[in-house]
Amino acid sequence: MGTTVTHAPATGVSGPVAQGSGPPPPAPAPSPRPAAGRRRDRRENLAGYLFMSPWITGFLLLTAGPMTASLYFAFTDYNLFDAPKWIGFGNFTEMFGDPRWRHSVSVTLWYVAIGTPLKLALALGVALLLAQSRRGQGFYRAAFYAPSLIGASVSVAIVWKAIFSDGAVVDRAQSTLFGLDVGGWIGDPQWILYALVALTVWQFGAPMVIFLAGLKQVPQELYEAAEVDGAGPWRRFRSITLPMISPVLFFNVLLETIHSFQIFASAYIVGGGAGGNACGPADGSLVYTCYLYVQGFENSRMGLASAMAWMLLLAVALVTAALFWSQKRWVHYEEAAR
Amino acid sequence: MAALGLTAAGCGGGGGSGDGTVTIRYAWWGSDDRAKRINQTIALFEKKYPKIKVKTDFQPYPDFWKKFNTQASGGNPPDVFQNAIGFLRKYDAKNVLLDLSEQVKAGHLSTANFRAGLEKFGEVDGKLLGIPVGSNSMALVIDKNVFTRAGVKPEQGWTWDDFDAAMKKIRDKAGRAGDSGMYGVMYLYDLYLRQHGKAFFTEKGLGFTEADLTEWWTKAKRGSESGVVADTKKVVQAKPKSAVTAELAAGEFTWDNFTNRYTAEGKSEYGLAPIPTTDGKRTGQYLGSLMLSASRRTKHPKEVAQFIDFMVHDPEVARIMGFDRGVPATVEQYEAFVPSDPVAKEIAAYEQSLVDTGVLEPITPHPAGADICESAFLRLAEELGLGTRSVDDAVKQFFTESKTALGS
Numbered sequence: 001m002g003t004t005v006t007h008a009p010a011t012g013v014s015g016p017v018a019q020g021s022g023p024p025p026p027a028p029a030p031s032p033r034p035a036a037g038r039r040r041d042r043r044e045n046l047a048g049y050l051f052m053s054p055w056i057t058g059f060l061l062l063t064a065g066p067m068t069a070s071l072y073f074a075f076t077d078y079n080l081f082d083a084p085k086w087i088g089f090g091n092f093t094e095m096f097g098d099p100r101w102r103h104s105v106s107v108t109l110w111y112v113a114i115g116t117p118l119k120l121a122l123a124l125g126v127a128l129l130l131a132q133s134r135r136g137q138g139f140y141r142a143a144f145y146a147p148s149l150i151g152a153s154v155s156v157a158i159v160w161k162a163i164f165s166d167g168a169v170v171d172r173a174q175s176t177l178f179g180l181d182v183g184g185w186i187g188d189p190q191w192i193l194y195a196l197v198a199l200t201v202w203q204f205g206a207p208m209v210i211f212l213a214g215l216k217q218v219p220q221e222l223y224e225a226a227e228v229d230g231a232g233p234w235r236r237f238r239s240i241t242l243p244m245i246s247p248v249l250f251f252n253v254l255l256e257t258i259h260s261f262q263i264f265a266s267a268y269i270v271g272g273g274a275g276g277n278a279c280g281p282a283d284g285s286l287v288y289t290c291y292l293y294v295q296g297f298e299n300s301r302m303g304l305a306s307a308m309a310w311m312l313l314l315a316v317a318l319v320t321a322a323l324f325w326s327q328k329r330w331v332h333y334e335e336a337a338r
Numbered sequence: 001m002a003a004l005g006l007t008a009a010g011c012g013g014g015g016g017s018g019d020g021t022v023t024i025r026y027a028w029w030g031s032d033d034r035a036k037r038i039n040q041t042i043a044l045f046e047k048k049y050p051k052i053k054v055k056t057d058f059q060p061y062p063d064f065w066k067k068f069n070t071q072a073s074g075g076n077p078p079d080v081f082q083n084a085i086g087f088l089r090k091y092d093a094k095n096v097l098l099d100l101s102e103q104v105k106a107g108h109l110s111t112a113n114f115r116a117g118l119e120k121f122g123e124v125d126g127k128l129l130g131i132p133v134g135s136n137s138m139a140l141v142i143d144k145n146v147f148t149r150a151g152v153k154p155e156q157g158w159t160w161d162d163f164d165a166a167m168k169k170i171r172d173k174a175g176r177a178g179d180s181g182m183y184g185v186m187y188l189y190d191l192y193l194r195q196h197g198k199a200f201f202t203e204k205g206l207g208f209t210e211a212d213l214t215e216w217w218t219k220a221k222r223g224s225e226s227g228v229v230a231d232t233k234k235v236v237q238a239k240p241k242s243a244v245t246a247e248l249a250a251g252e253f254t255w256d257n258f259t260n261r262y263t264a265e266g267k268s269e270y271g272l273a274p275i276p277t278t279d280g281k282r283t284g285q286y287l288g289s290l291m292l293s294a295s296r297r298t299k300h301p302k303e304v305a306q307f308i309d310f311m312v313h314d315p316e317v318a319r320i321m322g323f324d325r326g327v328p329a330t331v332e333q334y335e336a337f338v339p340s341d342p343v344a345k346e347i348a349a350y351e352q353s354l355v356d357t358g359v360l361e362p363i364t365p366h367p368a369g370a371d372i373c374e375s376a377f378l379r380l381a382e383e384l385g386l387g388t389r390s391v392d393d394a395v396k397q398f399f400t401e402s403k404t405a406l407g408s
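So the sequence lines, in the order shown, correspond to chains A and B.
If you're matching positions, the first sequence starts at 1 in my numbering and goes up one per residue.
If you're matching positions, the second sequence starts at 1 in my numbering and goes up one per residue.
Treat the hints as calculated values from the structure; they're not laboratory data.
Just to be clear, a hint being listed does not mean it is correct.
Claimed, not checked - The calculated DSS-like cross-link candidates involving lysine-lysine, where the alpha carbons are at most 27 Å apart (straight line), are: (1) Lys85/A <-> Lys403/B; (2) Lys120/B <-> Lys198/B; (3) Lys120/B <-> Lys85/A; (4) Lys144/B <-> Lys85/A; (5) Lys403/B <-> Lys55/B; (6) Lys67/B <-> Lys85/A; (7) Lys144/B <-> Lys169/B.
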């Protein structure tokens, strides 16, 4: 699911090669090698391939094969039982004409647009607090990280559903604290998505740990120097911390965005799961993969589902490419900063 | 993400061993309570047929079909499984179902002694694709205490006007919505259409027009706005509990054998009320049924037939199952289980009243794709109740989705 766009190296790369002036010395002309050496090479290669073979087999059987098949099915009408029928771009035109599909796209985009920044902001905020040496620091780090470890599990989603249901904790809290009587979030097509957003934000532990690692790398003398110059905490954060951790920030943005696009289990379970509409009330939590699942496994339209999967792949690739393109403007690598 | 369940594992479909013992796989949907009962009946069967072992597998209803679909498409469906009318043509068209009539001819399965012509229930185009295990019918399952508190007494032959008045009375006097959201129940709408000389399905497609559905769903909209129908938002969250046992509504249109489930689930006393009519007579009702079907791929058609035969005829099985899957389909089982608890008694009395008043009619066909139409119907009615869709919009969407599902 990766992308081939690579980041152009920042200017001013320091190193022995760059320091040398003029073109590198020409490589020695290849001389005919003795046959014995070639045989040894081949033997070494063979051993290498032998050791890699479990991985290669796995890749071919479990990744490349199904992906090729799915790409083929994307252009067919396939109900699992009858032979796939080639229909060209039929699935794709049907998709764009389907209001439910368009709804699922907007639900997903909304989820990504709200959930990802909130989660990263919280992760960074908590990381800033935990970066300072305090007593019990280890405990807090573990406590904040824990939800990420268990967060993907089905049981947490079930608990989440219970918490945000009608007459449950959240419902009662919002009516006693704010006098709001909106009922449970789970039954409301407008609110159920925010229950999902809350669930992903709660799992901010993984990006937090990465932020923590990034913060440790920021040289303390920069802060000292800034303080001498009279920079306040906000100024120090903006002018030192943010630029210094921008590679880490970029990494987190990228990872979390891709991750958000693929939300499935929590939406499927909070939105209904076993028994009834799998995608929330009035499709309120009909995220893209949920609809893909419905088309594939409930309506037996594997061709259409495959086409949808490839659309998602394309969309994620485009977003990733856009992020890589944008990093030139805001990501500073250490070499460049010096 | 792109690699979508394309690795259908082909583990063997029940093998034989040296001593002639065969294993058959039996899958069904239902609750834990049903699981307990079914396991007892299987123990009984294995004692009687020591050469046949039965492996079971069960899920809740929607999950059952997802799993079944995947297994069947991978060529590995269970040998014998619970089935319902909405799936007969679908899986027949996909060559999944075994025509049991040959096993009947061979004498491994008897179609004698079925009540009220039920043995014909699983027949499609001359093929016998399912054997009924019990009969049930649509009913209005009610919370008796709430109805009494409101002073409402439903009677056979009451009209929709009577029903509407009763719902209002319950809302005003008992402070509870009368109904749980009947406008999304496909089987009830079918009855309503049949009262008007139409039906939900024809052999090939839908048996009603956009105007018909617009009328039905306009009523739905008015119902939820006036509080006669329970707040959909709350009903959705009560799931998998029913709106009646969650004390959101006084009644719900569903299958009569669900009274069992509701009694186990809720705190009140539950009973049955008749389906309202248009002309004071015709309810449009028919007997529905759960069936046992076999896979065309089974390697043991004879043993599967013996298993089905045992399950639908053995009196002891009826005593274990009770009315869990409806009133037993065969005479021997019907006579073997005499209900003693009030709920089962009520179900028996209800079904007897249907026979006595002669309201029962033949069932209308369910074309392939009916199951998808039903879930679209339910979903769109829910959206109406939640107010996220207008009536016209919902009707249009339903017809679009149904056309795709029915391939018409």
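List, from low to high, the hint numbers that the structure doesn't satisfy.
Per hint list: 3, 4 and 5 violated.
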